[in-house]
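Novice: Following the hints, put chain D in place on chain Z, whose structure we already have.
There are 2 protein chains.
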Amino acid sequence: MMAAVPPPRQSGRDLRSPGNRGGLRRRRRSRWLRVPMAAARRSAESAREPSPGVKGGTRCLPGPCLAGGGGERFCASSPFRGGSGGGRTRVAGAEAAMERREQAVVPVEVLAAVTREQFLQDVYPRRMPVVLKGMELGTCITKWTVDYLSNAEGSKEVKIHVSAVPQMDFLSKNFVYRTLPFDVFVRRAAEFKHKEYFLSEDEKYYLRSVGADARKDIADIRKQFPNLAEDIQIPEYFEKEQFFSSVFRISSAGLQLWTHYDVMDNFLIQVTGKKRVVLYSPRDAPYLYLSGTKSEVLDVDNPDLEKYPLFVKAKRYQCFLEAGDVLFIPALWFHNVISEEFGVALNVFWKHLPAESYDKTDTYGNKDPTAASRAIQILDRALKTLEELPEEYRDFYARRMVLRIQEKAYRNDYG
Amino acid sequence: MMAAVPPPRQSGRDLRSPGNRGGLRRRRRSRWLRVPMAAARRSAESAREPSPGVKGGTRCLPGPCLAGGGGERFCASSPFRGGSGGGRTRVAGAEAAMERREQAVVPVEVLAAVTREQFLQDVYPRRMPVVLKGMELGTCITKWTVDYLSNAEGSKEVKIHVSAVPQMDFLSKNFVYRTLPFDVFVRRAAEFKHKEYFLSEDEKYYLRSVGADARKDIADIRKQFPNLAEDIQIPEYFEKEQFFSSVFRISSAGLQLWTHYDVMDNFLIQVTGKKRVVLYSPRDAPYLYLSGTKSEVLDVDNPDLEKYPLFVKAKRYQCFLEAGDVLFIPALWFHNVISEEFGVALNVFWKHLPAESYDKTDTYGNKDPTAASRAIQILDRALKTLEELPEEYRDFYARRMVLRIQEKAYRNDYG
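Protein chains in written order, with UniProt numbering: chain Z, 1 to 415; chain D, 1 to 415.
Bound conformation, chain Z alone:
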């Protein structure tokens, strides 16, 4: 039986409804939670503590109201929480201005005990992220301590990201790539202060495993970490021939990965540690200031709204993963991941489209399907043709082209 579960913070108890025998039971569509940007930010340290009421404003508990699945508790945030305190008149203009700084937070749906059949029939076709709890993942859940990991795979070399700041930026490349023996890397990633380091004593580490030859081979835990692979049972909620990669991800507490999308469906299996994942629908791409597959908006909690004014229009989905949770991330869904604790995850990617749709040279699962790349190349030829016209004409026909795309290729079942 598969059932909706309460927020993960309380998931120690089995809260599955005994009356739910009719297959998939879902929460009613969660009420949106409007919270100011600043309130949506929680440091890794305070993530588990409910915050006290905000001084001078309406009392609000950002803890539970931001938790995945916690949509039924409502965070009544005052529009002036971020302001200078009480005594201000509620002027329409000011209210609207504050409104713009608030962002909807939608908890990602949380389901427990979902079978393969239920997933394929009821969950997968919806193309929405879902947290799956209570999955059978094997002995890794209890075994994968720092010592065990180090011993299991020893001193084989791994290429890692090292960052002096928690927030990694792929666009400005504020991190470096280094190579370390796996066991040394695991110990360093698990510690807060380092005696030996590359950049600074509190540098952060991040492993995203790759194939033997990163340019040609695809990451597969069974090949690169065969001993550890034996401990984990991957939920094969897809056909064997759809399998693309299994990527080992190990990161320091506090490390934040840039917002990006992948072109494959995937399960992010949180084996140990905790993560906060913020997601955005593919339809919100226009508000994410993309550069390739990545968003230029690095700090999703305190975005620079002067620079990225449309970012507030992106609907923020959010969940908190605990050890043993599996997050289904559909292809094209943007995600931003903070490791709230040192943690080990396995990220399993599989093909949703027919195999021939994908770029054969793609080892990371983030190259656009070939039809999409071709369409964009053809579009570039159209834009080249428009360049023959003066600016006012180019602008006008560009607008007409946009209208044509919206009319012909946009979904009309999106709200």
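No wet-lab data here; the hints were simulated from the structure. Do not take every clue at face value.
[As the list claims (entries may be wrong)] The calculated lysine-lysine pairs, modelled on DSS-like cross-linking and capped at a C-alpha distance of 27 Å, are:
| # | chain 1 | residue 1 | chain 2 | residue 2 |
| --- | --- | --- | --- | --- |
| 1 | D | LYS173 | D | LYS193 |
| 2 | Z | LYS315 | D | LYS313 |
| 3 | Z | LYS408 | D | LYS216 |
| 4 | Z | LYS408 | D | LYS294 |
| 5 | Z | LYS367 | D | LYS408 |
| 6 | Z | LYS173 | D | LYS408 |
| 7 | Z | LYS159 | Z | LYS143 |
| 8 | Z | LYS294 | Z | LYS351 |
| 9 | Z | LYS193 | Z | LYS143 |
| 10 | Z | LYS408 | D | LYS408 |
| 11 | D | LYS240 | D | LYS367 |
| 12 | D | LYS173 | Z | LYS384 |
| 13 | D | LYS294 | D | LYS313 |
| 14 | Z | LYS360 | D | LYS384 |
| 15 | D | LYS367 | Z | LYS351 |
| 16 | D | LYS173 | Z | LYS408 |
| 17 | D | LYS367 | Z | LYS384 |
| 18 | Z | LYS313 | D | LYS307 |
| 19 | D | LYS315 | Z | LYS313 |
| 20 | Z | LYS294 | D | LYS408 |
| 21 | Z | LYS367 | Z | LYS408 |
| 22 | Z | LYS384 | D | LYS384 |
| 23 | D | LYS216 | D | LYS367 |
| 24 | D | LYS351 | Z | LYS384 |
| 25 | Z | LYS143 | Z | LYS133 |
| 26 | D | LYS240 | Z | LYS408 |
| 27 | Z | LYS367 | Z | LYS173 |
| 28 | D | LYS384 | Z | LYS367 |
| 29 | D | LYS360 | Z | LYS384 |
| 30 | Z | LYS408 | D | LYS307 |
| 31 | D | LYS408 | Z | LYS307 |
| 32 | D | LYS384 | D | LYS216 |
| 33 | D | LYS313 | Z | LYS408 |
| 34 | D | LYS173 | D | LYS159 |
| 35 | D | LYS313 | Z | LYS313 |
| 36 | Z | LYS313 | D | LYS360 |
| 37 | D | LYS195 | D | LYS223 |
| 38 | Z | LYS307 | D | LYS313 |
| 39 | Z | LYS216 | Z | LYS307 |
| 40 | D | LYS173 | D | LYS156 |
Specialist: Below, chain D without anything else, positioned relative to chain Z:
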């Protein structure tokens, strides 16, 4: 000397500033006039009368505040003018809702005594519509009475539009094409009630002159109406080789022509009668619900906002033409024309782009430049390619294509 002039309603007096000797003097950028949609509508009959204040609302004179060039007088419209009267609280939400039903009206700039040199140097490069007053147009201004027109060109056959309703709709084709002798047509167009008619006794008539073979030949008053052509002096504010067509336009009082754009620059020379012209910038194309070169929004004064919600975002430029006025309509500017009186106009089109940019088969001046047509054809191939992908991918990459067009081909000097 060329000078800014006050609203055309007062233009009988010469108000040119004696102190303005330094070439082109322009009004300061007109303050926008926010008026509710309904207030923007004026029937041909009441066009010259200032309206009284609106009952139960703020006093407002839609007459002068809608007049071309009258931008300095401000119409303080109450947000509740269209509502149920006083006593309602000004709630932010309701205010915003009413706000959405209001539309900015920008008077088209009015200039007098503009020389060819001044036009080419100061006006033309701005690519904005302008009403030119006091142009030397020849004897047509006094000569072209109904009798004179009828006698001058006699009973040669002309193909005309006949409509039982004032508002012609090219998309639903709510009018018919008929053929009449020119002299009969002119008399019918000038009268309100007809003894002889095709559809109804108050049907409206409209002539848009065409070449000898409408499919191959281009309208030229010198060829189709050689006698009348002698009476009019066309302001040749362009090079001879740029000339494209001179289109005779004669219409019944009250007749309204659908909103559309042309791809050539043109002068609409109002020889006799009065017109109200509403214009929209090419950049507002996304709000006009286009079907080819025409807007689906037929009633610009009382648009169906359920069906066309974005229409309110289009900035409404407006002017009133009197006998002797010349309206410069830059290529791509949308225009909607109401004949407030029976009137005769000559519409002179010329090429702004190099001659080879235009479609060789275009006899009306409304086929898109070849580079634009090619770009749209290429875009259609890109969209065809996207069709290989499932809907969610197609939608996503369509959005990315839109972002790419906006980034690469939109002007960035538009506000």
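Novice: Honestly, which of those hints from before does the structure not fit?
Specialist: Hint check: 3, 12, 15, 26, 32, 36, 37 and 39 fail, others pass.
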